[in-house]
Structures are given as C-alpha cells and as structure tokens.
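Engineer: Start from the sequences, fold in the hints, and give me the full structure.
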Amino acid sequence: MITVALDSAGAVAAGEWIRAASPTHPSLIDVHYEVALRYNMVNVPTAVWIDEQGRIVRPNEVAFADNRWIEYTKFDMTRYAAAIRNWVANGPDSVYILKPGERRSRLPLPTAEHALAAAHFRLAEHLHETGHAEAAVPFFKAAQRLRPESWCYKRQAWALTDAETHYGTSFQKEVKALGGRPYYTPLSFPEEKAQP
Amino acid sequence: MNVTILCGAAATTIPEAGIEGESLWLAPDNLARATGWEWKPEGLCRGSACVPVPRGNAAREWVRETGRGLSVSLTQLARHLGQPVVASPEHGVWAVGEAAEDVAERLRSLEAPDFTLPDVVGRLHSLTDYRSRKVFLLAWASW
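Residue numbers (our numbering), protein chains in the order written: chain A, 1 to 196; chain B, 1001 to 1143.
Treat each hint with caution, since some may be false.
As the list claims (entries may be wrong) - Restricting the straight-line Cα-Cα distance to at most 20 Å, the calculated cross-link-like pairs of lysine to any residue (SDA-like) are: (1) B:Lys1134 to A:Ala81; (2) B:Lys1134 to A:Val88; (3) A:Lys99 to A:Leu178; (4) A:Lys141 to A:Phe171; (5) B:Lys1134 to A:Pro23; (6) B:Lys1134 to A:Gly15; (7) B:Lys1134 to B:Thr1116; (8) A:Lys173 to B:Gly1092; (9) B:Lys1134 to A:Pro92; (10) B:Lys1134 to A:Ala89; (11) B:Lys1134 to A:Lys141; (12) B:Lys1134 to A:Arg103; (13) A:Lys99 to B:Thr1116.
FYI, nobody ran anything at the bench for these hints, they're computed from the structure.
Structural biologist: Here it is in structure tokens:
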C-alpha cells in the first residue's frame, strides 16, 4: 500500500495524521496534487489498484477501511476490504480485476477544460503559498468553475481560508446542494461469489 | 521584475522576461531552465521531441530579436503543445499546465503514471520503486 496525502499545506496539515497512524507503508505527501492530476482524481479517498507490472487493474474509485462514512459511500466497505484480500490471494484471477476494456471505460480522462482548471489551481496554490492568499481566491474559484465535480479543488481552497467569507459556502451546504445525487461515484462491484 | 514559471511541481524564477499582457517572452536559456524546451537549429526541442518554428511572418509569434538577444514566446509554445497557460502578471507568476491529451494518452495505456513524492521526513519514493509488487494506491487528504 502507498498512501498519498493531497494537501497544499504539506506536512503541516498531513503530518500529524501520518505520525499518529505510524504507518509501515510509504505514506507520501503531494503538495501540488501531482497524483490527482496524473490519475485525474477529483475526490478523496480515491484508490487505484496497480499490478506487479505497473498496470492499472482497477482505476479510480472510492475506498474506505470501514463503514463510518457509509452515508456518503452508500456501500458496505467491508466488502471492499475483502476484495483487496481476494486480489492479494488470487492476483490476476481475482474476480475484482477488470478486463482492459472495462478499465479504460472506467478511467476518467481529462478534457482541455479540466487541464485549464488544473493550471488555475496550481497558480492559486502558489499565490497562497507565497503570501498572496486574497489574490489566490479568484484562481481557486476559476478552477472550481471549470471543474465543478472536483471536490479536491473546492475543499482544498476552503481549508486554506475561511470558506464562508471567501467562497460564501461550506462543505455541509455543498453536500446539501447535491440534492440526493451521490457524493462519490457509486462503486461498481461484481456480485458476491465464492472464489478459492 | 522577476517572473516565476510553474511547470508541474517545479517553480522556476527568471530574473528577466518580456511581458505583454499574459504573453511571456523568455531568453532561450531561461526557457530551457523553466520548461526543458531548448532552442536548436531544428526548432524547439525537449528530449527527442522537436517543434519546428515557422518561418516568415508567422515566426514573429514565436521568436524575436531584442536588444539583449533572442526571445522566445513561452505562451505560443504552450498553445502549440495544447498546454494551458494561466497568469497573474501582477504577481509575476505564470502556470503552464499539462496538455489534457498527454494525460489522457498515458491513462489510456493503462500504465500507472509514475510519481516521486516525499514522505513525512522528506525521503523520496517513486511508484516505480515498488514494481514487481502489487500496489494499492490510496489518495487521501487532511481537509
């Protein structure tokens, strides 16, 4: 397992969580959202399964260790943990390994507008980091407008400042505005079946 | 005025640049330092990839002679490569993003994009360090 903290504030924000967990796996910090950009991620937690040859065998999907956020995931995450164990035991024969065509169809691919959003976000976080927090706000807003489905762009910007003052919103308000639409893309899992 | 160019995770500060609105003109050595694209007789090149620079009137959008020597348009190069450019001229910062098609092409290959990032004590790890092992990659955040 490799974990990556998407956090513009770096170790200042993510460090205490990592130290408290004392992980035995590599627990990395991604200040500039490089992983989010390359894998085209829009929310956390997002998992990707990568095989021994470095190939994606299950693309971006929500993954929690337990059911404490089931209100948001609408999925029994104990099934997810069992699926990972199944993959470890069965490798490419695991029922959870997707065929290449399905992997590609599930992979979200960025558009030119998404790339423009990412450039706005990069500029915004740099301005914030270099002491121009007010000047960063319009660029964060532009990134959010260009890619409204990205919770990363929203929640990171809100976390760096006062969301109500600068963005006139909050996480709770935005979730409410979903009006029943899912917060996470629903997980697509095969039906349970016995596998040795 | 110093100009900072954000290209991927890198931030390169250039002591001198030509600014026209949101267009940015750089001396070839500064362009190479900020982006890796080098001015060569065959055009602008990075690694084995070369972009031929048009000749005649069209060349004026790409390259010009100034009192201090040659100047190349970073904005024009990025536009040609499909890379978005976002600027805050007031703060002297230009962000050059990745072209959507480049990111998409890598993902379509199903080859997991590599990255190199620090852990909490600053030690660097690359995804490729873990080749030959299954990797469960999980992105999270403190926010």
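Engineer: State for each hint whether it applies.
Structural biologist: Hints versus structure:
no., hint, result
1, B:Lys1134 to A:Ala81, "holds, 15 Å"
2, B:Lys1134 to A:Val88, "holds, 8 Å"
3, A:Lys99 to A:Leu178, "violated, 32 Å"
4, A:Lys141 to A:Phe171, "holds, 15 Å"
5, B:Lys1134 to A:Pro23, "holds, 17 Å"
6, B:Lys1134 to A:Gly15, "violated, 25 Å"
7, B:Lys1134 to B:Thr1116, "holds, 17 Å"
8, A:Lys173 to B:Gly1092, "violated, 35 Å"
9, B:Lys1134 to A:Pro92, "holds, 11 Å"
10, B:Lys1134 to A:Ala89, "holds, 11 Å"
11, B:Lys1134 to A:Lys141, "violated, 38 Å"
12, B:Lys1134 to A:Arg103, "holds, 17 Å"
13, A:Lys99 to B:Thr1116, "violated, 28 Å"
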